[in-house]
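J.: Chains as they are written, first to last, in this note's numbering: chain A, 1 to 618; chain B, 1 to 215.
Just so you know, these hints were derived from the structure itself, not from any lab.
From a predicted model like this one, the values you see are computed outputs, not experimental measurements.
Heads up, some of the hints might be wrong.
As the list claims (entries may be wrong) - Not everything, but these chain B residues come out facing chain A in the computed CB check (under 8 Å):
| hint | residue |
| --- | --- |
| 1 | D28 |
| 2 | H29 |
| 3 | S63 |
| 4 | P92 |
| 5 | K95 |
| 6 | R96 |
| 7 | G98 |
| 8 | V101 |
| 9 | R109 |
| 10 | P111 |
| 11 | V112 |
| 12 | V113 |
| 13 | K178 |
| 14 | F181 |
As the list claims (entries may be wrong) - Calculated pairs, EDC-like style, for lysine to aspartate or glutamate (alpha carbon to alpha carbon, straight line, at most 20 Å):
| hint | chain 1 | residue 1 | chain 2 | residue 2 |
| --- | --- | --- | --- | --- |
| 15 | A | K476 | A | D351 |
| 16 | B | K178 | A | E100 |
| 17 | A | K89 | A | E100 |
| 18 | B | K108 | A | E110 |
| 19 | B | K108 | A | D106 |
| 20 | A | K253 | A | E500 |
| 21 | A | K60 | B | E102 |
C-beta atoms are modelled at their ideal positions from N, C-alpha and C, and glycine is treated no differently.
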Amino acid sequence: MVHTGRTKTLLFCVLFLVCSGHVFASNTRINCVDCHDSPRFKTAYKGSVHGNIGCTGCHKSFESLDRHVMLKERPALLSCGTCHSEIEKVYRNSFHYLYEDFRCYDCHYEIHSLKKERGNFKIAVTNNCTRCHANDEYVLSGHGAAVMKGNKDSATCSDCHGLHDTRAYHTSGEKYILEAREFYNKTCKSCHSNREMMVRNNISPDNVRYYEETYHGKVQDLGYSTSVAGCADCHTAHNILPQSDPGSTINPKNLVRNCGKCHPGIHPRFAQYKAHPDYRDIRRYPLLYISFISMVALLLVTFTFYWTHTVLWWRKVYWEKHRLEELGIKLESPLTHEEGIQEVRRFAVKDRVMHLFLVLSFFGLVITGFPIKYHDTLWAKVLIQVMGGAHNAGLYHRAAAVVLIVLFFIALWRCFRFIFPKGLGSKGRSGWKERLFGPDSLAPNMNDWRQFKGMVKWFFNKGEYPKFDRWTYWEKFDFLAVFWGMVVIGGSGVTLWAPEKASYIYPGWVFNIASILHSEEALLAALFIFTVHFFNTHLIPTKFPMDPIIFTGSYQLEELRRLRALEYERLVREGRLDELKIKHPGISLKLVSAFFGHASLWIGLLFTLILLWTFFFG
Amino acid sequence: MDPEGTLSLIRDKKAVIVDTMSDLECMDHRIPGSLCLPLEEFENMARELLKDKKRPVIFYCESDECLRAGVSYDKAKAAGYGEIYILRGGLPAWKRAGYDVESVERVKREPVVSVKRGALEKMAKKKQGIFILDIRSEDDYSKGHLAGAVNIPLYKLRKRLKEIPGNRTVLVVDENGKRSFLASCYLINHGFSDVVRLYGGMEYEEPQKWKGGKG
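Generate the whole structure from the sequences, applying the supplied hints.
T.: Structure follows, in structure tokens:
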């Protein structure tokens with residue numbers, strides 16, 4: 001039928017031209033629709049969006065009407081990009097053009113009667129795309145269903161994939177694993193962090209923020225989307241349904257399988273992990289809230305106390321030093337100069353070796369862990385890159401953690417041997433209380449309280465510098481705080497290291513608490529070591545800039561006498577002082593100690609400055 | 001050889017540019033002036049189409065992941081051609097560089113639904129007697145194929161169209177999901193009303209887990 005119709009039209013045109021004597025005449029003027037007279041060209045075109053540009057707006061003119069009528073010359077098509085240049089520019093890089101060689105009219109099907117979309121644009125896009133991409137998952141999903149109901153906020157195909165700039169990797173999350181994930185994380189977040197849009201659709205506007213506070217979100221924000229779960233890994237790309245829908249991947253019935261995609265071998269209670277909780281919401285997450293508040297309180301109390309202690313100490317020492325200098329007073333000593341400079345051992349080799357590994361593992365943990373905590377800073381991104389990515393940083397973090405855990409158990413064993421040097425038999429047990437609360441023990445006793453009070457009085461010029469024995473109260477605190485720290489940070493760390501196995505012991509929401517404890521305790525430990533410990537040990541004006549004793553193991557007798565008067569007197573009384581006298585440390589040990597000590601000190605201080613800057617201004 | 005180099009080689013040294021895809025794809029869209037020499041028919045057609053062995057030859061593929069140009073290169077080398085090149089990045093690179101393509105006999109695009117492998121069973125229950133058309137090469141087909149699949153390589157599709165039953169649902173299967181669309185459109189244009197294609201082709205695997213990937 002069509003062919004018959006065309007033939008008739010053609011014959012009509014030829015006859016018309018012959019009868020009117022115009023064949024081969026050059027000045028013949030007829031309209032295209034005189035011959036191309038189907039309703040498509042004659043009527044529909046005029047009302048179409050391109051109706052005002054005429055046939056030659058898209059079809060180039062031809063040289064000879066006669067040849068055209070005889071089907072020997074076809075007018076070439078102008079590129080749509082002649083007018084739609086911006087669209088053409090992006091379309092030339094789109095998947096549909098590069099790989100499927102789609103042309104404009106392959107989607108804008110009937111170009112001659114094309115009209116501007118009057119109804120809901122999003123519905124039109126959905127209808128058009130799903131002609132090929134008949135993705136039931138999308139059409140039935142929360143987004144698709146909402147679009148079809150007329151919701152203009154909900155995402156249609158083009159909101160995520162672009163309209164004319166559909167990228168090649170969008171369809172292949174399996175192949176372009178990084179690009180696809182970065183794409184969907186960014187795309188999902190662009191709407192879901194739009195507060196107004198989320199509020200008017202009864203969706204939490206802070207879900208993105210809460211997600212970014214979790215381990216998944218932090219690592220993803222650092223730029224390592226392939227290592228952790230992003231939006232579509234849990235919610236899928238298209239089958240995004242409300243939690244209450246049985247078909248939703250986040251429906252409680254499907255959650256175990258969903259989490260199990262990345263965490264194989266989990267106990268079902270693993271799925272009780274909260275993927276984007278608000279730990280500030282006491283009503284919905286009371287335990288998380290309590291954990292967070294407790295840690296903040298612990299940080300505040302610890303630093304309020306110790307920083308005050310530190311400032312007062314520094315003031316007293318500095319003022320005292322100034323007073324002595326001003327008055328030209330030289331402190332007298334009952335020891336002769338030769339006796340005073342005699343080296344005495346304070347730390348045994350194993351103490352020093354343990355401390356060395358402690359420093360290394362601590363720095364390792366700080367440098368590999370803090371970039372995750374402060375993921376949105378430039379320094380964090382640089383550090384992680386230097387370490388070769390989040391995956392490598394994670395490996396180094398675990399290696400350093402193993403060193404620390406081993407040290408902790410060695411320390412525990414040494415404590416045990418200190419209290420029960422001859423085992424747990426009746427002989428070994430006798431005298432354990434004396435050893436535990438004796439002068440060589442790191443366990444606190446009433447003397448510490450008295451010495452603390454004496455210290456405070458000294459700060460305010462109300463008394464003399466207290467007499468200390470082998471361990472001061474702040475040294476005991478340093479040591480004992482590690483026990484608390486190791487339980488909190490080590491316990492939470494091991495949990496987060498192997499959450500799959502941990503799920504056989506406790507439910508998934510414990511991982512949320514573990515994340516908070518690990519993160520805040522890390523901040524407490526790092527800031528404490530880099531400020532309080534560093535000041536007490538190195539930066540106090542009498543020792544500034546660094547006391548190498550923990551590396552060299554010994555100091556001068558005069559220092560022992562002045563700073564640890566009780567210990568000095570006790571050693572003299574018991575006649576044990578001579579046992580501790582050793583030769584002056586060699587130059588190589590001093591050099592290595594100074595280098596390692598200074599490096600640790602200044603790296604720690606620099607890190608503190610970065611942390612404080614990030615905390616207050618980041 | 002990058003697209004710019006390819007263009008100047010064609011212009012300055014009269015190089016022959018060869019599309020190694022099937023003639024159906026080549027006629028649908030190709031670099032202007034290309035010869036259509038499907039890889040599978042190299043031995044049969046090269047002597048006829050590429051007579052001058054001293055003239056530079058540039059082979060290209062449909063996509064940047066396709067190996068057909070490389071295999072054609074090896075065959076041409078073995079056949080004694082002197083100056084052989086491959087267009088790096090294939091046709092997409094040519095298009096990205098802003099150069100046009102020509103259509104000699106365009107296959108009208110039609111809506112074609114793709115089905116994931118996991119949904120095949122469900123579809124088979126709904127539609128009885130699905131005709132599985134495997135358009136990969138004979139070699140690929142012999143290495144493994146879907147049960148019941150019939151092999152008509154794309155370069156033979158025009159000639160063997162009659163072998164496909166018109167009254168059945170046709171499931172078109174290719175290597176990686178990139179060629180079945182055009183083949184499906186071709187079938188629809190030739191009167192097949194119910195044509196679907198396999199999502200991602202034979203190489204596609206459902207994602208299992210992501211863990212361990214590096215950024």
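J.: Now, for every hint given, state plainly whether the structure supports it.
T.: Tested hints:
1. For D28(B), the suggested interface contact is upheld, since its CB lies about 7 Å from the closest CB of chain A, less than 8 Å.
2. With its C-beta approaching chain A no nearer than about 4 Å, H29(B) sits inside the 8 Å limit, and its interface hint holds.
3. For S63(B), the shortest C-beta to C-beta distance to chain A is roughly 6 Å, which falls under 8 Å, so the interface hint holds.
4. A distance limit of 8 Å between C-beta atoms decides the matter here; for P92(B) the minimum to chain A is near 4 Å, and the interface restraint holds.
5. A hinted interface residue such as K95(B) counts as satisfied when its beta carbon comes closer than 8 Å to some beta carbon of chain A; here the least separation is about 5 Å, so the hint holds.
6. Proximity of R96(B) to chain A holds as hinted, the smallest CB-CB distance being about 6 Å (cut-off 8 Å).
7. The closest approach between the C-beta of G98(B) and any C-beta of chain A is roughly 7 Å, which is under the 8 Å cut-off, so the hint is satisfied.
8. Because the closest C-beta pair between V101(B) and chain A is about 7 Å apart, less than 8 Å, the hint holds.
9. Because the beta carbon of R109(B) sits about 4 Å from the nearest beta carbon in chain A, less than 8 Å, this interface hint is met.
10. Interface hint at P111(B): satisfied, since its Cβ lies 4 Å from the closest Cβ of chain A, which is below the 8 Å cut-off.
11. Look at V112(B): its Cβ gets to within about 6 Å of chain A, closer than 8 Å, so that hint holds up.
12. Evaluation of the V113(B) hint against chain A yields a held restraint, the C-beta minimum of about 4 Å falling below 8 Å.
13. With a cut of 8 Å, the hint placing K178(B) at the interface with chain A holds, because the nearest CB-to-CB distance is about 6 Å.
14. The interface hint given for F181(B) is met, as the beta carbon of that residue sits about 6 Å from the closest beta carbon of chain A, less than 8 Å.
15. With a C-alpha separation of about 15 Å, the suggested pairing of K476(A) with D351(A) holds against the 20 Å cut-off.
16. Distance check on the hinted pair: K178(B) and E100(A) sit about 8 Å apart at the alpha-carbon level, within 20 Å; holds.
17. Between K89(A) and E100(A) the CA atoms are separated by roughly 17 Å; this keeps the pair inside 20 Å, and the hint holds.
18. Between K108(B) and E110(A) the alpha-carbon distance is near 13 Å, which keeps this suggested pair within the 20 Å criterion.
19. The hinted pair formed by K108(B) and D106(A) meets the criterion: a straight-line CA distance of about 8 Å does not exceed 20 Å.
20. For the suggested pair K253(A) and E500(A), the alpha carbons sit about 18 Å apart, so the restraint of at most 20 Å is met.
21. Between the alpha carbons of K60(A) and E102(B) the distance comes to roughly 17 Å, so the proposed pair stays at or under 20 Å and holds.
The structure agrees with every numbered hint stated previously.
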